[in-house]
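Asks: These protein sequence lines are chains A, B, C, D and E, in that order. Each number in our numbering comes from the position in the first sequence (counting from 1) with 421 added on. Each number in our numbering comes from the position in the second sequence (counting from 1) with 272 added on. Each number in our numbering comes from the position in the third sequence (counting from 1) with 197 added on. Each number in our numbering comes from the position in the fourth sequence (counting from 1) with 197 added on. Each number in our numbering comes from the position in the fifth sequence (counting from 1) with 741 added on.
Please keep in mind that the hints were generated in silico from the structure rather than gathered at the bench. Model, not experiment: these values are computed from the prediction. Each residue gets a CB set at the ideal place from its N, CA and C atoms; glycine is no exception. Errors might be hidden in some of the hints.
A few chain A positions that, by computed beta-carbon distances, are all more than 12 Å from chain E [unchecked claim]: (1) V484; (2) I498; (3) Q633; (4) G639; (5) P644; (6) L657; (7) A669; (8) R675.
Listed next, the stretches of chain C that the computed footprint assigns to chain D, with coverage defined by at least 3 CB atoms under 8 Å from CB atoms of chain D [unchecked claim]: (9) 227-235; (10) 322-328.
No farther apart than 30 Å at their CA atoms in a straight line, the calculated lysine-lysine pairs in the DSSO-like style are these [claimed, not checked]: (11) B:K457 with E:K930; (12) E:K865 with E:K806; (13) E:K865 with A:K515; (14) E:K749 with A:K515; (15) B:K457 with E:K858; (16) A:K515 with E:K806; (17) B:K457 with E:K865; (18) B:K457 with E:K751; (19) E:K977 with B:K457; (20) E:K991 with E:K769.
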Amino acid sequence: MPPKSFFELMQWGPQGWLDEMTFATGLTLAVAISGFLFGLVFGTIAAMGKLSRRAIPRRLADVYTTVFRGVPDLLVIYLFYFGGSAMVTAIAQKFGAQGFIGLPGFLTGTLAIGIVSGAYQTEVIRGAYLAVPPGEIDAARAFGMSGWRLLRRIIGPQVLRYGLPGMGNIWQLVLKESALVAVVGLSVYFYEVKLGDLVLIYETRFSDLLRQAHVAAGSTRQPFVFYITAVVFYLLLTTASTWAFRRAETWATRGLRQV
Amino acid sequence: MDFTFLYTSFLRLIVGIPLTLQLAFSSIGLGLVLAILLAAMMRSRLLPLAWIADGFVFVFRGTPLLVQVFLIYYGLGQFRPYLDEMGVWWFFRSPYYCALLALLLNTAAYGAEIVRGGLQSVPHGQIEAARAFGMSGFTLYRRIIAPIALRQALPAYGNEIILMIKATSLVSTITLMEVTGLAHKIISETFRAFEVFFVAGAIYLAINFTVTRLIALAEHWIAPDLDQASRPIEVGKLSH
Amino acid sequence: MKNGARPAVEVEGLTKRFGPLEVLRGVTLSAHDGEVIAVLGSSGSGKSTLLRCINMLEVPDGGTVAIAGEPILLKDRRGGGREAADQAQLDRLRQKLGMVFQSFNLWSHLTVLENVTEAPVHVQGRPKAEVTQEALSLLEKVGLADKRNHYPSQISGGQAQRAAIARALAMRPQLMLFDEPTSSLDPELVGDVLRVIRTLVEEGRTMMLVTHEMAFAREVASRVIFLHQGRVEEEGPPAEVFGNPRSERCRQFISSQLRSS
Amino acid sequence: MKNGARPAVEVEGLTKRFGPLEVLRGVTLSAHDGEVIAVLGSSGSGKSTLLRCINMLEVPDGGTVAIAGEPILLKDRRGGGREAADQAQLDRLRQKLGMVFQSFNLWSHLTVLENVTEAPVHVQGRPKAEVTQEALSLLEKVGLADKRNHYPSQISGGQAQRAAIARALAMRPQLMLFDEPTSSLDPELVGDVLRVIRTLVEEGRTMMLVTHEMAFAREVASRVIFLHQGRVEEEGPPAEVFGNPRSERCRQFISSQLRSS
Amino acid sequence: DASAQMRKVKIATEGAYAPWNFVNSQGKLEGFELELGAELCKRAKFDCEFVAQDWDGIIPSLQAKKYDAIMAGMNITPRRLETINFTTAYAAGAHGFMVLKSSPLAKMPGGEYNLTKDLAAAEKAINELKPMLKGKILGVQGSTTNLAWAEKYFKDVAEIREYKTTEQHDLDLAAGRLDATVGAHSAAKATMETATGKDMMIAGPGFSGGMLGLGVAVGLRKEDADLKTAFDDAVKSAIDDGTIKKLSEKWFKVDMTPKS
Ligand SMILES: Nc1ncnc2c1ncn2[C@@H]1O[C@H](COP(=O)(O)OP(=O)(O)OP(=O)(O)O)[C@@H](O)[C@H]1O
Ligand SMILES: Nc1ncnc2c1ncn2[C@@H]1O[C@H](COP(=O)(O)OP(=O)(O)OP(=O)(O)O)[C@@H](O)[C@H]1O
Ligand SMILES: [Mg+2]
Ligand SMILES: [Mg+2]
């Protein structure tokens, strides 16, 4: 293979890698968004647990954040992928099913990312809650607000205000966490290849951005082209999300005087 | 469970702990200083300064640490003649220094954003009060803004510390054998991924557990009046 | 306009302590529909704490509070102290209470108008259009119509206080708890607030208000309570309490008032 | 105790706008050592803004402020507005000013005592032991000695206001800016504050205070200023302004005062 | 029809180890093992499907039954045999050092040694290399037989650094952070054809067999004995009729047919 120029490598279509890199970016984004949203759910619940007056939810939330922040993310993903499949298989076999049942990579992967990022989001949400002026919460209580309503109308918007920078960090983290899911594989589509008189069905792993760069680097032996391209694509995602987060922040800090 | 195997794996893995801790804590320490500097620059009225800081945070927060490590080590390795000429090759030649540099730049970018968030949560009136008494510049930051911001930022910064401890696992890409690198090595010899990761996970958990407790202590220490029990969220009542 | 059997609020033997400090040591009082009770007392005597105990923002250590004859259910909490036993009941009763906080506590992420419409729309579930209409007329009444789209950080102290008053009024509460509602208001506005309170009283609503302004208390109150060292030291119609206080402490307190003319 | 040539504060043609709203439209005034100026005006008339412009917490759009004869240097900012030209000068001058904010703005991470000692120690660089001594005696004076180790979130409104007063006094400022310093205080404490202010005046210090309490203004002020629509509508000794106001608006404002006895 | 009775077999490959297996710019798997795999399946009458899998998870996933076989340039080793099973080897080649042409190590003596057949001769050659390698830094891909071999013989004289991929130690060799890499000659040759490798050369003797592995083979679960029989037969027939020779010459430019 004679070395190709950057532009030869980065063209759209069957000759170049641009289309693969673009799809990979899309997948990364999809994994990140779902993982982050899962995390938001877990994080909100655990933050409420941590802030609870009751000992049991507090303990549980504490164990959750300590363990899932404490152990390497890859381990959590392995646990989900292998452990989860084994469990589902065992349950299915109890009901008479046969053979091995694989969990869809996308679901297990995003769920694992959700659980991990949720542990981080817990701390951000808790910190932000503590920054909300207590008087404003008192006022809402005094008017008969409590539970979800209080959370949604008064605490939520203010937690958003103080928590957004921290959440932005976690979003960035999740964006890159999607690379870990590649380890357990994200199968997305199949296609057929004719090889002489033989028809083979290939399953392609629709890779995330980082693994795609790795694969392309291995295939072309030109690592820097692909890692730098990956950086550019990541930065495109970051540009979009930084913009979105800044807008959200401007909106969330309306009415707040800046230093 | 094969306890002898777990135990021998453990004995082999703890050899990597000093490197893990060394990298984590030196990058966190240096990174925090840089983060504060960056956050100050981001809020600066001198636009070029703010732009530089924004750009830095943008790039280092926006790309995977793995790629940063890779590009700093292998990428700069491509420019050896120039680095030699500048007399900095000794630095970039060493995988340890390259890892430290990548980790510290990365954590500084994240840290800057956390510090910025903390500063944003300081009630405006309290800053005005300090200004009205002639405080400004460094004293204002040190005495009023920083302590209040710290209370808000500490939970998020605790996250960052833990992330950095785990992030050190990426440096095995550039031949540094810390805990995760050693774990991979044992797995490649035994293929018992699950058990080895279990032991490695337990080691990280133990380190991070200690760190979270220290952070919780610190939180209590800097904000004794913010005893969170005094303003709990009423979870039990969410059912209504 | 019932007057009698079921007092709008009934407080019985209320005690509250903060650490070693016993702030309330057995306060008993009641207010009937259409009554205006002025609570006097020196700074730190527990006036705000009393109001905050009535709507359970502070859960009292002992004693009971009943709203419109219905006692607020409390239960012991493990590890000491008490808490509301039935949040649904508490929320329901709180909707009958309006409160103006000493430090206003406006919601900083909402505009003045949104602050006023928030609870009626989202707690009482009243139609937004109708509430907005009413809110605008309330803001008009307190002279804040032109600030309706400002955020709390963009208005003056007196304006914030008036916004807090409008916010509480928009709930159409049966019982209003005012914590120094006129402290930041100029004399003209004090007059306005006085007029608003009188209209409410005519509608049969009940008020409890903490104030340091004797003149205001005298004008507005049907009964005056003087808090001292966690107890009700003196209680009676304003003419009596101001004109001829029985306790030494109360006499001293009242006579220290500066005369303005 | 100089009196004359160099006024403690001199404000000349001050203007300030918030968006479309012109809050101050050319305010000119000065105060000499030992003077106490009471600023009156309806809510939203710009009283707080005037005080905040004097110590440049709000930078005025036009006009100048001079402290002890030294004009605060301002420069145009790119993109409109102005800003302090010399931060060191501003910091130095601000040390001569004390301020009690309408909303107190106590530092939430410091105890009451620490709030009081913070600026003297860390801005003026005075020895900590000496400052603490003085702070304790100030807290004693305002009746807060027993709350010295409480955090701002743990004290009552009136206690916070007194802590804010003690904090400002501890700076031993040449010019004190009080924004409604007695709004949350009971009559006895108002009397105490009055006494403190009188002592300061006797030491030759200068005060500007915003108040809604005419009685207090009458007792304490050597001169009264009535702000209306961004201008000084009336100015003179209290007896004159209260007894015989020249402008219609001022007359109306003053007569709306409730009489307490 | 016929395909309905054909057994479905899923084969995992890494997809990042050119020219053994890699993903081309169309996102399709390609390489020596892909073509060979198709041949083997045709002979065994399997309905095959290739999947790409990260190297780190490749054996655990086999055990978790995510797929049935591995063809990923994987060497037969005693350690791996403890966990999984291998067919008979379908490729074998020499292993050795790659250095920069300008390096003093370029002058290392050559030769061919088989660790299985004549261990004594091989170890003698190794001992002769030791003085030259004293204090040098060697780069090896982690988790490979090369690493185990390098550690066994050179740990006491040289510093050994572990890399995730061969491409990474090649980059470090180019940058001058390493004095030599240890790896398969086939991979070294592939590197030498790229821009990074243009100043590199294979130096010293080639070693094969023994702990360096008994050749590259299809990895299978131990319990799938029937699969092993079928694949074994297919590999043997592909060796016998020269298919493997033809394919390896196409992809590696050398004959990698295992010599029995
Ligand atoms: N940041 C701001 N943005 C917009 N308008 C503002 C802002 N700050 C103050 N204002 C407006 O400026 C006017 C003057 O405010 P100021 O606080 O000076 O009033 P004040 O005389 O002190 O009133 P009060 O007696 O109620 O405290 C008010 O109408 C207020 O709404
Ligand atoms: N969270 C708390 N922790 C400790 N002490 C408290 C707390 N809240 C209030 N206190 C104390 O309880 C006492 C009563 O407070 P409260 O706010 O009821 O006073 P108040 O009568 O409203 O005074 P003011 O007229 O100054 O507003 C005060 O001495 C105060 O310091
Ligand atoms: Mg109070
Ligand atoms: Mg004001």
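Asks: Hints first: check each against the structure and report whether it holds.
Replies: Status of each hint after checking the structure:
Against the 12 Å criterion, V484 of chain A stays outside the reach of chain E, whose nearest CB is about 27 Å from its own CB. Listed as a non-interface residue, I498 of chain A fails to keep its Cβ farther than 12 Å from every Cβ of chain E; the least gap is roughly 10 Å. Distance check on Q633 of chain A: its Cβ comes as close as 9 Å (rounded) to a Cβ of chain E, failing to clear the 12 Å threshold; non-interface status is violated. Against the 12 Å criterion, G639 of chain A falls within the reach of chain E, whose nearest CB is about 3 Å from its own CB.
The claim that P644 of chain A is not at the interface with chain E is violated, since a C-beta of that chain comes within 12 Å of its own (minimum 6 Å). The non-interface label for L657 of chain A is consistent with chain E: the shortest C-beta to C-beta separation is roughly 20 Å, beyond 12 Å. At roughly 35 Å from the closest C-beta of chain E, the C-beta of A669 of chain A stays outside 12 Å, upholding its exclusion from the interface. With 12 Å as the threshold on Cβ separation, the claim that R675 of chain A sits away from chain E holds: the shortest Cβ distance comes to roughly 46 Å.
Counting residues of the region 227-235 of chain C whose beta-carbon sits less than 8 Å from any beta-carbon of chain D gives 0, not enough to reach three: the coverage restraint is violated. A count of 0 residues in the region 322-328 of chain C with a Cβ less than 8 Å from any Cβ of chain D is obtained; the coverage claim is therefore unmet, three being the minimum. Restraint check for K457 of chain B and K930 of chain E: satisfied, since their Cα atoms lie roughly 26 Å apart, inside the 30 Å limit. Distance check on the hinted pair: K865 of chain E and K806 of chain E sit about 44 Å apart at the alpha-carbon level, beyond 30 Å; violated.
Taking the CA atoms of K865 of chain E and K515 of chain A, the gap is about 60 Å. The hint is violated against a cut of 30 Å. Between K749 of chain E and K515 of chain A, the direct Cα distance comes to roughly 25 Å. Compliance with the 30 Å bound is thereby established for this hinted pair. A distance of roughly 29 Å separates the Cα atoms of K457 of chain B and K858 of chain E; the hinted pair therefore holds under the 30 Å criterion. Note on K515 of chain A and K806 of chain E: the hinted pairing holds, with a Cα-Cα distance of about 19 Å set against a maximum of 30 Å.
Between K457 of chain B and K865 of chain E the CA atoms are separated by roughly 29 Å; this keeps the pair inside 30 Å, and the hint holds. This hinted pair checks out: K457 of chain B and K751 of chain E have alpha carbons roughly 27 Å apart, not beyond 30 Å. The hinted pair formed by K977 of chain E and K457 of chain B fails the criterion: a straight-line CA distance of about 33 Å is larger than 30 Å. Distance restraint check for K991 of chain E and K769 of chain E: the Cα-Cα separation of roughly 19 Å lies within the 30 Å cut-off, and the hinted pair is therefore satisfied.
Violated hints, listed in ascending order, are 2, 3, 4, 5, 9, 10, 12, 13 and 19; each of the other numbered hints is respected by the structure.
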